[in-house]
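**Q** What follows is the residue order along each chain.
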Amino acid sequence: MQSTTRAFKANVRKAIVEPGLQKALGMMKTGFQVRRLAAVEKLPEFEQLRDQARDIKNHVLENLDFYLERFERKVTEAGGKVHWCRSAEEAREAILGICRGVGAKTVTKGKSMIAEEIALNDFLEEEGIEPIETDLGEYIIQLRGEPPSHIIAPAIHLNKTDVIDAFQKAHTHLDPNRPMEEPTALLEEARGVLRPKFLAADVGITGANFMIAETGSTIIVTNEGNGDLTQILPKAHVVLASLEKLVPTFEDAATILRLLARSATGQEFSVYTTVSTGPRRPDDLDGPAEFHVVLLDNGRSDILGTEFQDMLRCIRCSACLNHCPVYATVGGHAYGWVYPGPMGAVLTPTLIGIEESGHLPNASTFCGRCESVCPMRIPLPKMMRHWREREFERHLSPPSVRAGLAFWAWFAKRPRLYRLATGLAARLLGLFGRAHGRYGWLPLASGWTRGREFPAPEGQTFMSQWRKRSRA
Amino acid sequence: MALAQMPAASPRVGLFVTCLVDLMRPSVGFAAIRLLENAGCRVEVPETQTCCGQPAYNSGDRRDTRDIARSVVAAFAGYDYVVVPSGSCAGMIHEHYPALFADEPETLAKAQDLARRTHELTSFLVDVMKVERVGAAYSGTVTYHDSCSGLRELKVKRQPRRLLASVSGLTLKELPGAEICCGFGGTFCVKYPDISERMATEKADDIKATGADTLLAGDMGCLMNMAGKLQRQGSGVRVRHVAEVLAGVTDTPPIGEPKA
Chain A
7 MQSTTRAFKA NVRKAIVEPG LQKALGMMKT GFQVRRLAAV EKLPEFEQLR
57 DQARDIKNHV LENLDFYLER FERKVTEAGG KVHWCRSAEE AREAILGICR
107 GVGAKTVTKG KSMIAEEIAL NDFLEEEGIE PIETDLGEYI IQLRGEPPSH
157 IIAPAIHLNK TDVIDAFQKA HTHLDPNRPM EEPTALLEEA RGVLRPKFLA
207 ADVGITGANF MIAETGSTII VTNEGNGDLT QILPKAHVVL ASLEKLVPTF
257 EDAATILRLL ARSATGQEFS VYTTVSTGPR RPDDLDGPAE FHVVLLDNGR
307 SDILGTEFQD MLRCIRCSAC LNHCPVYATV GGHAYGWVYP GPMGAVLTPT
357 LIGIEESGHL PNASTFCGRC ESVCPMRIPL PKMMRHWRER EFERHLSPPS
407 VRAGLAFWAW FAKRPRLYRL ATGLAARLLG LFGRAHGRYG WLPLASGWTR
457 GREFPAPEGQ TFMSQWRKRS RA
Chain B
638 MALAQMPAAS PRVGLFVTCL VDLMRPSVGF AAIRLLENAG CRVEVPETQT
688 CCGQPAYNSG DRRDTRDIAR SVVAAFAGYD YVVVPSGSCA GMIHEHYPAL
738 FADEPETLAK AQDLARRTHE LTSFLVDVMK VERVGAAYSG TVTYHDSCSG
788 LRELKVKRQP RRLLASVSGL TLKELPGAEI CCGFGGTFCV KYPDISERMA
838 TEKADDIKAT GADTLLAGDM GCLMNMAGKL QRQGSGVRVR HVAEVLAGVT
888 DTPPIGEPKA
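Each protein sequence line maps, in turn, to chains A and B. If you count the first sequence from 1, position 27 lands on 33 in our numbering, and the numbers rise without skipping. If you count the second sequence from 1, position 12 lands on 649 in our numbering, and the numbers rise without skipping.
Chain A extracted, bound-state conformation (with noise of 0.2 Å):
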């Protein structure tokens, strides 16, 4: 996918004056977080359990050459393969071949945000091969041509008319004054149109919540149960999986899977979680031929070692971005790459370059409510703060920002300079204001004063006061 990450200054001025998505926004805001709080007070453990999946991760991520290995090994003993793919493009490949070995025309997809990361559907169109998305909120973006806004809830910033309008235009096979209005219409009708695409599928193209060393499985999670169609009725079943989605046992898989429906939409369980453990066997009733899994570096494993390693526990829940204050202003396609909120803001610079996504890191008020809902405590603001570290030591951040620091830093570390320059800014500013009390508008703080008022100081610092007391 093509970022826009460095024209997020303008997709949020964009954003925040487009009443649909202003509107689908404050819809969304509330109900996840009321939600999500409901699901963890109902659940005493629930902070115990989040010690538990940050240390299940962090072993991962200290031995994960050998869990990759039992991986692969058990993976190969299931009868699947694992093809190891350093980059986008080498998983690209690796997905069209297997796509080639069985002669598809058409790729039905359960809901993948490394799809998105490795830019698959264009790829597979450019070769000819129809990609599906299977997922309902996946469905109607792929319609509208458009990428997901959200890590979940891929169609979060449309409302019901847009759907309608997007259905009316792509399925013209239907009678155009059908009745639309009930959102179980518009579910009937995605069902009625998906349903002979998944058994004309060559090859269905999942995700993984988990993989699990122990057993070579893999483990989804939905709430449709499209993803179960998709991976069960064709003759190949591709699981596209970066390397840290990657547990020991089924049990720490179990304890983290108590921890991520409750983070992401409050559900105590998602409505499936389904298995697979290679390909079908003889006394299966269905099941693919073939069972692949394609494993996706793409950077992730540079930033092993590095203060970014933390990131790699992330397990893809939204809780960040549901409790962002940012990204409930700006909505998910502003931040211009696959990944938005706080987990996009530190991810992203990692895998498409600092350079290229500057702004991410940068836009946020640092308020913290991302790391305290993370189920798997990492410590976004911190990483977020490491980002703009490299900045900084690169030159990467805008002169006019160094510039205004490195003013601001000399003043500081000379106290007596800066009480100077204090004072004559307390006392002009507060000379100024005095009449109204405020500024409406201040040199050099447009940015402030374009939507909001600046308080005009009291007059004398408190450090010239507290000298003169001290000193009568």
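It should be emphasised that the hints constitute simulated quantities derived from the structure, not laboratory data. Computed from a predicted model, the values in this text were never measured in an experiment. There's no promise every hint is true.
Said to hold, decoys possible - With a cut-off of at most 25 Å between alpha-carbon atoms, the simulated BS3-like pairs for lysine-lysine come out as follows:
#, chain 1, residue 1, chain 2, residue 2
1, A, Lys15, B, Lys828
2, B, Lys794, A, Lys35
3, B, Lys828, A, Lys419
4, A, Lys48, B, Lys792
5, B, Lys810, A, Lys388
6, A, Lys241, A, Lys87
7, B, Lys828, A, Lys388
8, B, Lys896, A, Lys474
Unchecked claim - Quick list of simulated restraints, FRET-style, between CB atoms:
#, chain 1, residue 1, chain 2, residue 2, range
9, A, Ala451, B, Glu681, 31 to 37 Å
10, B, Lys845, A, Glu99, 53 to 59 Å
11, A, Gln315, B, Ser872, 42 to 48 Å
12, A, Leu437, B, Glu769, 39 to 45 Å
13, A, Phe275, B, Ala802, 40 to 46 Å
For every residue, glycine included, the Cβ atom is placed at its ideal position computed from N, Cα and C.
With the hints as your guide, set chain B onto chain A.
**A** Chain B only, in chain A's frame:
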């Protein structure tokens, strides 16, 4: 309570004024001193303090941050406690200073020592000095915004409410979404003004919906942001630092208002 946790009868407290209180609203500093003295503290104000270093720290400038932090560590050596009328600056010293000196054992020990002694004002009064009542009066309905750093880094939540409950004439009306950021975020408010301003609008709408006539909080940055937005909207809600009301020092005009 363990003996070691007992505050000295008359502890020596260094006041970290914070740059915004120093520059914008000295009355908050004097209110803090009154509250501390009423609680039995001997208050001193080290002259070499300037700022805690957050603007540099959150801009990725670690070297300047460390230089500034080093001088704060030196300025506040020897006090029983260091008290800050800001959750964000107290959080900086308490949570982040030690992390800055991981590779400098000598300063690290001093930074850790300072971190242990440093408290946000209302939590210091309640948790350390065991203050249960302040002898102040304020007639009006107030609502309270929990500033992010104080809330999440230092767990400041019940302490200001506990003290406000003892102010005669004051009614507290809780603010829905009190734990959601107001959009200030230090340099964020000028780096991303469009987002900041929109967040402030939502906050102002929530504040007005409470029907309270006064908004209180414990951090000047957030207060200036919220006051600025409320006033731009033409709202008459008065905005003050919580220390002013607790100390009964409300003869100065509210933030952003002219002298009567």
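**Q** So, against the hints stated earlier in the document, which numbers end up violated here?
**A** 5
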